[in-house]
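Asker: One letter stands for each residue in the lines below.
There are 2 protein chains.
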Amino acid sequence: MSNVDPAEAARVLELLSGHRSIRSFTDAPVTDEVIAGAVRAAQMASTSSNVQAYSLLQITEATVRAQLAELAGGQSYVAQAGAFFVVCGDGRRHALLCAQEDSPYEVTLESFLVFFIDAALFAQNLCVAFESQGYGICYIGGIRSNLPDVDRLLKLPEHVFPFFGLCVGMPADDPDTKPRLPLDAVWFKDAYPTDEEMLSQVAEFDATMTAYYEQRIGKSRDWSTAIRRMRAQKKREELADFYRGKGASLD
Amino acid sequence: MSNVDPAEAARVLELLSGHRSIRSFTDAPVTDEVIAGAVRAAQMASTSSNVQAYSLLQITEATVRAQLAELAGGQSYVAQAGAFFVVCGDGRRHALLCAQEDSPYEVTLESFLVFFIDAALFAQNLCVAFESQGYGICYIGGIRSNLPDVDRLLKLPEHVFPFFGLCVGMPADDPDTKPRLPLDAVWFKDAYPTDEEMLSQVAEFDATMTAYYEQRIGKSRDWSTAIRRMRAQKKREELADFYRGKGASLD
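Residue numbers (this note's numbering), protein chains in the order written: chain R, 125 to 375; chain E, 125 to 375.
Since the hints were derived computationally from the structure, they do not count as laboratory data.
Treat the hints with caution; some may be incorrect.
Put simply, identical chains are the same to the list, so a pair is met inside one copy or across any two.
Listed below are the simulated SDA-like cross-link pairs for lysine to any residue, each with C-alpha atoms no more than 20 Å apart in a straight line [said to hold, decoys possible]:
{"hint": "1", "residue 1": "359", "residue 2": "151"}
{"hint": "2", "residue 1": "370", "residue 2": "234"}
{"hint": "3", "residue 1": "302", "residue 2": "338"}
{"hint": "4", "residue 1": "359", "residue 2": "298"}
If you're wondering where the values come from, they're calculated on a predicted model, not measured in any experiment.
With these hints in hand, go ahead and build the complete structure from the sequences.
Answerer: Rendered as structure tokens:
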């Protein structure tokens with residue numbers, strides 16, 4: 125069953141381990157051929173009961189991309205990257221099929237979460253496919269800051285839920301990878317850690333991040349402070365209303 | 125910037141394109157060393173503002189795995205695979221940090237969705253890492269059919285949200301890959317397709333799936349009928365209540 129070349133397997137781990145988000149791109153285009161190859165590979169990611177509940181909307185019009193860059197909070201690379209996509213959870217195919225036979229269609233919380241998982245597995249495969257060919261990527265959660273405007277701009281019909289954007293292009297810089305939590309802070313056996321264990325793992329990570337930022341930007345920043353600050357800001361409170369308005373009951 | 129070996133890139137696309145879920149495993153174990161390597165690589169997947177809002181709980185105890193196999197709807201491979209994991213969205217680290225300074229902590233719908241995206245990107249990288257080494261994988265959404273029981277069994281604290289399970293092991297069979305929607309049914313440029321276009325793409329896919337099942341199980345089955353049937357069954361209606369009970373406001 126397993127005829128794996130260990131050197132090749134090691135290179136895949138290296139590829140995954142080498143990921144860092146790219147926010148500055150050369151003007152090299154991403155051709156339709158490259159995109160088609162990446163999308164085909166990405167579609168083979170697991171999908172819950174084969175529902176394939178996602179769509180990939182590429183935006184090529186410069187004026188629309190400029191508007192999206194603004195709506196995403198002023199992220200210029202949305203306009204500048206070789207290619208820009210909006211990844212959507214997509215129940216529309218299902219809804220149309222149900223409507224053909226007057227059968228009921230509802231996007232429950234379970235369906236909605238399946239859309240999210242399906243779309244994210246697809247998107248991550250897509251990113252790995254692009255990165256394996258030397259492209260850089262950056263997920264753009266920022267579109268969720270202005271979803272009603274994004275939705276109007278892209279004219280998305282009911283049951284199509286914009287989730288996040290994706291910049292793809294040839295990197296114009298080569299940033300470092302960013303540290304992650306220690307292994308024993310995310311992988312547990314049989315029992316979830318105690319609060320004390322978890323806080324000690326976080327303290328270890330704070331030291332790592334402090335060293336990382338001191339070396340990189342000459343300032344002392346830790347993860348705990350960043351997380352607390354982020355949590356104190358309530359963000360995107362209108363999200364549930366927006367998704368409900370697009371046909372998700374979320375119950 | 126781009127010093128990519130085209131043959132190597134092609135092999136990554138082949139790896140992704142070759143995915144099929146494995147539901148029958150040899151008794152070869154998945155060693156801690158292999159798991160650690162895969163988790164480290166998976167952690168490098170993108171994470172929204174570096175929140176790293178996921179945990180991976182490996183279940184090694186045979187009796188617990190047998191119970192989980194039942195709770196997932198009688199999926200024997202949950203007990204039988206070389207390794208079994210529960211992938212959780214995890215706000216607990218954040219909650220503990222906020223509690224230390226009496227700062228507010230709330231899992232809004234936005235946070236909850238970020239947990240889902242973070243966890244899914246991590247999990248998909250994890251699967252690619254395992255598959256690159258010859259292992260097979262199967263996502264287990266079935267645990268969401270009995271989340272309160274799964275949660276009690278695993279003793280997960282507040283703000284830890286079980287999302288899906290993951291079987292990993294050496295494949296004992298070699299099933300075909302399953303067809304996916306045609307490329308032009310998931311990748312659009314600038315405009316979402318009309319209903320007519322979408323239904324014609326779905327009809328094309330129905331023909332593909334019918335041929336696939338006729339050849340494979342000698343029965344005629346299409347995608348449209350499967351989707352309609354699935355949609356008519358309301359499933360997992362208690363999900364929102366469960367996640368709310370674990371500390372997600374979902375608003």
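Asker: Under a CA distance limit of 20 Å, which applies to residue 359 and residue 151: within one copy, between copies, both, or neither?
Answerer: neither (33 Å within a copy, 47 Å between copies)
Asker: Checking an output row: residue 370 and residue 234, CA cutoff 20 Å. Within, between, both or neither?
Answerer: Cα proximity of residue 370 and residue 234: in one copy and across copies (16 Å, 16 Å).
Asker: First find the shortest C-alpha distance between residue 302 and residue 338 inside one copy, then the shortest across copies, and answer within, between, both or neither for a cut-off of 20 Å.
Answerer: For residue 302 and residue 338, only the intra-copy Cα distance (13 Å) is at most 20 Å; the inter-copy one is 49 Å.
Asker: 20 Å Cα cut-off: does residue 359 pair with residue 298 within a copy, between copies, both or neither?
Answerer: neither (31 Å within a copy, 46 Å between copies)
In summary, the structure is inconsistent with hints 1 and 4 from the numbered list given earlier, while agreeing with the others.
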